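Asks: Line by line, the protein sequences give chains A and B. FYI, the numbering for the first sequence is -15 to 267, going by our numbering. FYI, the numbering for the second sequence is -15 to 267, going by our numbering.
Mixed in with the good hints there might be a few duds.
It does not matter which identical chain is used: a pair holds within one copy or between any two.
What the hints assert, rightly or not - Simulated pairs of lysine-lysine, DSSO-like, Cα-Cα distance not exceeding 27 Å:
| hint | residue 1 | residue 2 |
| --- | --- | --- |
| 1 | K122 | K206 |
| 2 | K206 | K265 |
| 3 | K122 | K265 |
It is worth saying that the hints were derived from the structure and are not from the lab. The structure presented is a predicted model; accordingly, all values stated were derived computationally and were not measured.
There are 2 protein chains.
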Amino acid sequence: MAQATIGDTGDSTSVSEFDRDTALTPRGDGVYEANLSSGWTIFGAVNGGFLAALLGRALGDALPHPDPYSLTAHYLSASRPGPAVIRTQTIRTGRTLSVGQASLYQFDEDGNEVERLRALATYGDLGTLPDDVRTTAKPPNLPPYERCLSRRDGDAPLGTEFEGRLDLRLDPATCGWAVGSPSGLGEMRGWFGLADGRDADPLSLLLAVDALPPTALELGLKGWVPTIELTTHIRCRPAPGPLRVAMTTRNLAGGLMEVDAEIWDSADRLAAQARQLARPKMG
Amino acid sequence: MAQATIGDTGDSTSVSEFDRDTALTPRGDGVYEANLSSGWTIFGAVNGGFLAALLGRALGDALPHPDPYSLTAHYLSASRPGPAVIRTQTIRTGRTLSVGQASLYQFDEDGNEVERLRALATYGDLGTLPDDVRTTAKPPNLPPYERCLSRRDGDAPLGTEFEGRLDLRLDPATCGWAVGSPSGLGEMRGWFGLADGRDADPLSLLLAVDALPPTALELGLKGWVPTIELTTHIRCRPAPGPLRVAMTTRNLAGGLMEVDAEIWDSADRLAAQARQLARPKMG
């Protein structure tokens, strides 16, 4: 018997890869089943932004408000392709804001639940916010889409399955790492879209803040950069069209680094701000 | 009978106001009792950074690692002076990192618990981190301590009890609001210390990221600026001496704003980075 799902229209010919792979089956009492696809993995582990989006979808269903205003995830252990269960808790509901918690679990060989990440989030309805903007923030200085580098250009491929789901075009100024000449600056910039052309929305922004190659590459580090914690603020529903993403690390110290991400939409609005604390392999 | 407490040496003549007021009485199973002093309130509500420090102290006791690396708090309802209970949960413990959750509750007139804020945090031991620093971040451009303005200068008093616990010296360049000429830029900078001279530590950094007058004042807004969510990264144990704090709001849009905070210690290290999402009263 077909299961009702959330985030999947049921018409498999038109559903985007992102919506298909973040689709959830509700089990009642704020519990959802998911199946982690191998398509969003990097060296076998599911991308942290994708996992945040998965919890974001569950909370958007469990809470009375649809949109994540602020979502923080702490990463406990690497998530692998396969079945998962998400448990949500509604902490507080108000007129304009609600707060919830969500955890994603997978299973060890004995079938015991192992927690992979836990999130705390405040939700609202971005559609109800006033139009006022008083900003001093400026969009990143990024060459036009067609002058940026895709993985097909062979200049900057990481060779992960994850890359195939994205339409990333990286600023050549932040691709020195791909030819053995990292700039030494912790900057990574590019255009972000989903490979199948799905338009951006608040959930895909949760992915996009963690989707570019790591800034650590431009600092001359080559290894894996596990995320300890990732917080994303979603500030508006993004306009259609490719997003501009700028990631910056200013302080690599004591073996830890912050990674700031800004996402600008085609209407020149700062659609998301994110920061993560990460622990790069030093090498 | 005297209660064992955490964060208070028991010698009331030498204990700092901050340590006395964040002292906790353990009740077992990760539960702690606290008493919220009126000294850290702004217009009757306890400061959000102070509350984060209180949960930070509880988690530092409950978890096997002493220092918050990243702590996120979501604020549910205003905390008032009086008794409170903190419930912690240990989510994961590893060799170098542990993850925990904490909630602070107060009581309604019927004695029912009302949750005030919930935090999720990753802890480690800052003393074990290597000394490497590769940073492009620069300390804020701040006049010397003696050329900055204290509340006693009459230029920039907010008249809150909270101010009396702090030794704040604000950059005159960010005090236009106090004389009716806000700059229009969302910047606030100053020197931060505790009024009784207590040295900074990771817990007081959790306070310091939310202790300056709001950046909204320099944007010409006059009301209260409730915090929705506050995330702080603690990057090192701060050196003794006054701290330099720079707070910046770049994007006020849709009635919401981010507030970024950086704290630099006397050894010119970036000791903390924080960001909050806040909802200023627009007026």
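Asks: From the Cα coordinates, with 27 Å as the cut-off, is the pair K122 and K206 best called within, between, both, or neither?
Replies: Answer is between: at 25 Å across copies they meet the 27 Å cutoff, but 30 Å inside does not.
Asks: At most 27 Å between CA atoms: does that hold for K122 and K265 within a copy, between copies, both, or neither?
Replies: between (32 Å within a copy, 24 Å between copies)
Asks: First find the shortest C-alpha distance between K206 and K265 inside one copy, then the shortest across copies, and answer within, between, both or neither for a cut-off of 27 Å.
Replies: within (8 Å within a copy, 46 Å between copies)
Hint check: no violations occur; every hint is consistent with the structure.
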